[in-house]
Amino acid sequence: MNNIFVYIELENGVVADVSLELLTKGRELADELGVKLEAVVLGHEVAGIEKELAKYGADTVWVADDAIFAPFRTLPHTAVMCGLIRQEQPQIALFGATPVGRDFAPRVSSALHSGLTADCTQLVIGDHTDAKTKKEYKNLLYQIRPAFGGNIIATIVNPDHRPQMATVREGVMRKAYAAQPAAGEVKKIDWRPMVQDSDLAVRIIDRQIEDRKIDIKGAGVIVAGGYGMGSKENFKLVHELAEVLGAEVGASRAAVDAGFTEHERQVGQTGVTVRPKLYIACGISGQIQHTAGMDQSSMIISINTDPEAPINKIADFAITGDVNEVIPKMIKYYKQNSK
Amino acid sequence: MKKALKIVVLAKQVPDTRNVGKDAMTPEGTVNRAALPAIFNPEDLNALEMALSLKDRTEGSTVHILTMGPLRAADIIRDAMFRGADGGYLLTDRKFAGSDTLATSYALSCALRKIQPDVIVAGRQAIDGDTAQVGPQVAEKLGWPQVTYAEELLEIKEHSVVIKRRLEHGTEVVESPLPMVMTVNGSAAECRPQNAKRVMKYKYALTRTELEAAAGTLAAEMAAAKDYLQIVELSAADVNPDEQQLGLVGSPTKVKKIENVVFQAKEAKKLTAADADIESLMVELIASHTLG
Numbered sequence: 213m214n215n216i217f218v219y220i221e222l223e224n225g226v227v228a229d230v231s232l233e234l235l236t237k238g239r240e241l242a243d244e245l246g247v248k249l250e251a252v253v254l255g256h257e258v259a260g261i262e263k264e265l266a267k268y269g270a271d272t273v274w275v276a277d278d279a280i281f282a283p284f285r286t287l288p289h290t291a292v293m294c295g296l297i298r299q300e301q302p303q304i305a306l307f308g309a310t311p312v313g314r315d316f317a318p319r320v321s322s323a324l325h326s327g328l329t330a331d332c333t334q335l336v337i338g339d340h341t342d343a344k345t346k347k348e349y350k351n352l353l354y355q356i357r358p359a360f361g362g363n364i365i366a367t368i369v370n371p372d373h374r375p376q377m378a379t380v381r382e383g384v385m386r387k388a389y390a391a392q393p394a395a396g397e398v399k400k401i402d403w404r405p406m407v408q409d410s411d412l413a414v415r416i417i418d419r420q421i422e423d424r425k426i427d428i429k430g431a432g433v434i435v436a437g438g439y440g441m442g443s444k445e446n447f448k449l450v451h452e453l454a455e456v457l458g459a460e461v462g463a464s465r466a467a468v469d470a471g472f473t474e475h476e477r478q479v480g481q482t483g484v485t486v487r488p489k490l491y492i493a494c495g496i497s498g499q500i501q502h503t504a505g506m507d508q509s510s511m512i513i514s515i516n517t518d519p520e521a522p523i524n525k526i527a528d529f530a531i532t533g534d535v536n537e538v539i540p541k542m543i544k545y546y547k548q549n550s551k
Numbered sequence: 026m027k028k029a030l031k032i033v034v035l036a037k038q039v040p041d042t043r044n045v046g047k048d049a050m051t052p053e054g055t056v057n058r059a060a061l062p063a064i065f066n067p068e069d070l071n072a073l074e075m076a077l078s079l080k081d082r083t084e085g086s087t088v089h090i091l092t093m094g095p096l097r098a099a100d101i102i103r104d105a106m107f108r109g110a111d112g113g114y115l116l117t118d119r120k121f122a123g124s125d126t127l128a129t130s131y132a133l134s135c136a137l138r139k140i141q142p143d144v145i146v147a148g149r150q151a152i153d154g155d156t157a158q159v160g161p162q163v164a165e166k167l168g169w170p171q172v173t174y175a176e177e178l179l180e181i182k183e184h185s186v187v188i189k190r191r192l193e194h195g196t197e198v199v200e201s202p203l204p205m206v207m208t209v210n211g212s213a214a215e216c217r218p219q220n221a222k223r224v225m226k227y228k229y230a231l232t233r234t235e236l237e238a239a240a241g242t243l244a245a246e247m248a249a250a251k252d253y254l255q256i257v258e259l260s261a262a263d264v265n266p267d268e269q270q271l272g273l274v275g276s277p278t279k280v281k282k283i284e285n286v287v288f289q290a291k292e293a294k295k296l297t298a299a300d301a302d303i304e305s306l307m308v309e310l311i312a313s314h315t316l317g
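Just so you know, the protein sequences line up as chains L and V, in that order. Basically my numbering = 1-based index in the first sequence + 212. Basically my numbering = 1-based index in the second sequence + 25.
None of these hints come from the bench; they were simulated from the model. Misleading hints may appear alongside valid ones.
[Claimed, not checked] Straight-line C-alpha distance at most 25 Å; calculated DMTMM-like pairs for lysine to aspartate or glutamate:
| id | chain 1 | residue 1 | chain 2 | residue 2 |
| --- | --- | --- | --- | --- |
| 1 | V | K228 | V | E258 |
| 2 | L | K544 | V | D81 |
| 3 | L | K525 | V | E258 |
| 4 | V | K295 | L | D507 |
Computed from a predicted model, the values in this text were never measured in an experiment.
The shape of chain L in the complex, shown without the other chains (with noise of 0.2 Å):
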């Protein structure tokens, strides 16, 4: 009893990396807790998942296997998710913070009254005595995540309401196999006392998936710019060095938001989380909002014409100047000396 329980996330079929990610932290939390890992998969013909679910820690796997499932919709996957942790008190429920999660997580809050914390960039067991009644709390999880536009990092703990759930983002936890595979073992979900018939009231009409075309996260070297970048037309220094360096083109929220570029590109706590082995950091102030999103990066290097950027406090090299004249002088150099 008291387990932990992990979100399966399915795009057509596959597991979603995130909900990987979760598992093997998860299972990190399971082992320190001495509980179980459990992984919820909610979907249509998902008959041997569970291997796996398995070798990434999950002891048993929950499986409601349906076809009102797949697509995802917000009331029935909302009615299961409450109906077994009602059955099966989790201390610990995690999502991916993935539309799929940040849309029905909060019901699913709502619903059991237990509050969830959006977004956590790390998810430790911790102790915790409440300031006013002095009560001492051991083993919560600390839910941890950079709030207020990232200028502050708060630690979140729900001392009194079960489970405690949290999101993460895709990419901020790292995925491996756990140490020894898990048994896997399949329990199904006695659903259909869970779902009325009021829950399949959204139609879903069309859907139309476009293929991911842009992929930051998996590449080697990324060239990103943020506001300091000036415009949209200016921003296409960005992608002229990307090109020639063969890496990838990023971007800090400024960026995005004023529009320079693509919503895709944005790297930071609301958007990708990567680790090239290069990141070149181009007009960027360097924010914990973007930086929690690329500090893990082998080499750093940033242009700024302020030398008392953040940025330059993580950067391996901080070339204090114009972008407009850098870049550009970054581009010929490579050219002469890379042949």
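For this one, chain L is given, so just place chain V on it according to the hints.
Leaving out everything else, chain V in the frame of chain L:
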């Protein structure tokens, strides 16, 4: 003819955290909130536009803002009225202080039970928390269906709406029965600007507290004389809540610790824009196989 709809937009006044400049940080490295302007949460403006376009397409419909916050949050209600909203509700009480998303959603749902709208439109998320939780949590509290990441209203039927929503890698068209909650994505249509005639008409729209503070002035006289100039102020008691679910007490999540961000100092090699510096850097990157 389509039925007239009572539409409520959930909006929030937020500190503008997007461009936190140096002056917004104190010398101790903490956030100086006073230096950040309070703005209409950006995606709530997309939500307002969605609501206004819904109103434009259904004769007799009304759009009202519902916001929870301090007294100054009435500013965003006035802003919305200048852009096309018919009025608004300010939910304000010290009992709401310290609310997490769930306690906020509970308080809003109590107000919404009183207001009884047909459609609730909210921005996807607010920039001060980025949680995207309040819309779905309100929908659950009311037991209504939700459509998140709405981008375009395709069709309004007698008892349902057809909405195009944005997915991670594509779009989906869904039909939801009314009443329902939708949260609107930043990629939806931008909000129409303030209208000069509406600014003239609504500039004296005031809440009860603002009216009392301005007693005796011409503005207060004008606002008091016209019903449409009165922004409805609701206290906790006005919406009949279970007090155990409000504010800090009603919030399952507690903030254990706040750390101001201190960047770990790492020894950066300092370079200039001079040709020699850039060339030696590129040569080093190629030699170390970091590039190429």
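Hint check results:
With a C-alpha separation of about 17 Å, the suggested pairing of K228 of chain V with E258 of chain V holds against the 25 Å cut-off. Restraint check for K544 of chain L and D81 of chain V: the C-alpha separation of about 55 Å exceeds 25 Å, so the hint is violated. The hinted pair formed by K525 of chain L and E258 of chain V fails the criterion: a straight-line CA distance of about 48 Å is larger than 25 Å. Of the supplied pair hints, the one linking K295 of chain V and D507 of chain L holds, its CA atoms being roughly 18 Å apart against a limit of 25 Å.
The structure fails hints 2, 3 (numbered hints given earlier, in ascending order).
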